[in-house]
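A.B. asks: Sequence:
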Amino acid sequence: MIHKSILINCILCLLFAIKAFATEFDFRGQLSGWINTMNNQDYWDSGTGILYLPQIDALFDFGNDSFLDSELSFKAFINTNFEELNQNIDFYRFNLRYATTQSETQIGLQRISFGPALLLRSLMWFDQVDVRDPLRLTNGVYALRYKYNYLNNTNIWLWGLYGNEEIKRYEFFRTASKTPEFGGRIQYPMPLGEFGQSFHYRLAEADSFNYDEYKFGFDGKWDSLIGFWIETAFTYNSTDKLPFNWTKMFTIGADYTFDTGNGLYLLTEHWAFTTSNAFLPIDNDFYASSFMLSYPLGILDNIRAIGFFTHNDNNYYQFMDWQRTYDEFVLNLSLFYYPENQSNNLSVQTRGYGAQIMIIYNH
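Using the working numbering, you'd call the opening residue of the sequence shown number 1155 and step up by one each time.
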């Protein structure tokens, strides 16, 4: 498998080659700045930040309904983050894609995301998208991904990952160094909707031992009088050195737009997280429920309310935002309250209550 630095050099060489012969070349970017303030245990603090995401896209059209395109973007930021100064510049996306009418092959730093859930996602294997984030930012993974679309709307995904050193969502330990990960997915149509099955394997590296990890996922979404979906994910580890061998997650959700004013949108999801040494019975469990209300005040303005409730500790997480969208600018104001004594299963880093105002400029 190609080392990450060699892969980056290869993509850079190809990017310059594409620039010379590209039929289309585009530069764009997103600049955002924010101010936030928060009260935690009767102590007020504030922070500011600036983030810039420049992006270069190039396209070379081969004709015969096939093309090669590239995406190169960076993430540069500086923020005070409540009295602590942070700054960094790094790749955000860095990939090449070859596509035909029914297939695409993509290599490099990219986003791999699937599953219909929005708030409590069981299939968040490779991304960290949070609907509360106005920028919808998520780290990518270094991967080679192939996707084929059949004429009946069935599609097959195959992927291989290498050089991803960070712990991904729902992982307890990082992937063993210099080892590949691989998996795939099949998604096919059903009456009123679609159904998908996913699989992923990796060698995980704990403090003093390695172990095999297998992930299996099933999801479906259907639209009739209401929208309805499910997501399930099962993870099995092959070692007896961890407290449990099985991790199981289940999401069920529904949404509906009421014929009220400009259209009141309601979404709700319920989530179960369990661990056990055998597939059955359940040894430990955690349950959460969520909702999102969204209402467009007009062409430019939209308001949302999002709530999470954790049943095990009776904690309620509250979030609201108002967003005004212009051609190039977006203004977002958000308010939040998160319990100070909260569960780690939701991965909410913020505690206390506060507000944030963000201005986004797209060019």
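Errors might be hidden in some of the hints.
[To be verified] Computed cross-link-like contacts, BS3-like style, restricted to lysine-lysine with a CA-CA straight-line distance of at most 30 Å:
1) K1332 x K1322
2) K1395 x K1229
3) K1369 x K1322
4) K1375 x K1402
5) K1375 x K1301
6) K1375 x K1322
7) K1375 x K1395
8) K1375 x K1332
9) K1322 x K1395
10) K1369 x K1301
11) K1402 x K1322
12) K1301 x K1229
13) K1332 x K1301
14) K1301 x K1322
15) K1375 x K1229
16) K1332 x K1395
17) K1369 x K1332
18) K1402 x K1369
19) K1301 x K1395
Hints in this document: simulated from the structure, not taken from any laboratory.
A.B. asks: None of the hints should be skipped; say for each whether it holds.
C.D. replies: Do the hints match the structure? See the list:
1. K1332 x K1322: holds, 16 Å
2. K1395 x K1229: violated, 38 Å
3. K1369 x K1322: holds, 13 Å
4. K1375 x K1402: Holds, at roughly 20 Å.
5. K1375 x K1301: holds, 20 Å
6. K1375 x K1322: Holds - the C-alpha atoms of K1322 and K1375 are around 25 Å apart, at most 30 Å.
7. K1375 x K1395: violated, 37 Å
8. K1375 x K1332: Distance of about 37 Å is beyond 30 Å: violated.
9. K1322 x K1395: Roughly 21 Å between the alpha carbons, so the hint for K1322 and K1395 holds.
10. K1369 x K1301: holds, 19 Å
11. K1402 x K1322: Cα-Cα ~16 Å, so holds.
12. K1301 x K1229: Between K1301 and K1229 the Cα gap is close to 27 Å, so the pair holds against 30 Å.
13. K1332 x K1301: holds, 25 Å
14. K1301 x K1322: Between K1301 and K1322 the Cα gap is close to 22 Å, so the pair holds against 30 Å.
15. K1375 x K1229: Violated, at about 34 Å.
16. K1332 x K1395: holds, 23 Å
17. K1369 x K1332: holds, 20 Å
18. K1402 x K1369: holds, 10 Å
19. K1301 x K1395: Outside the cut-off at roughly 37 Å; violated.
Of the numbered hints listed earlier, those contradicted by the structure are 2, 7, 8, 15 and 19.
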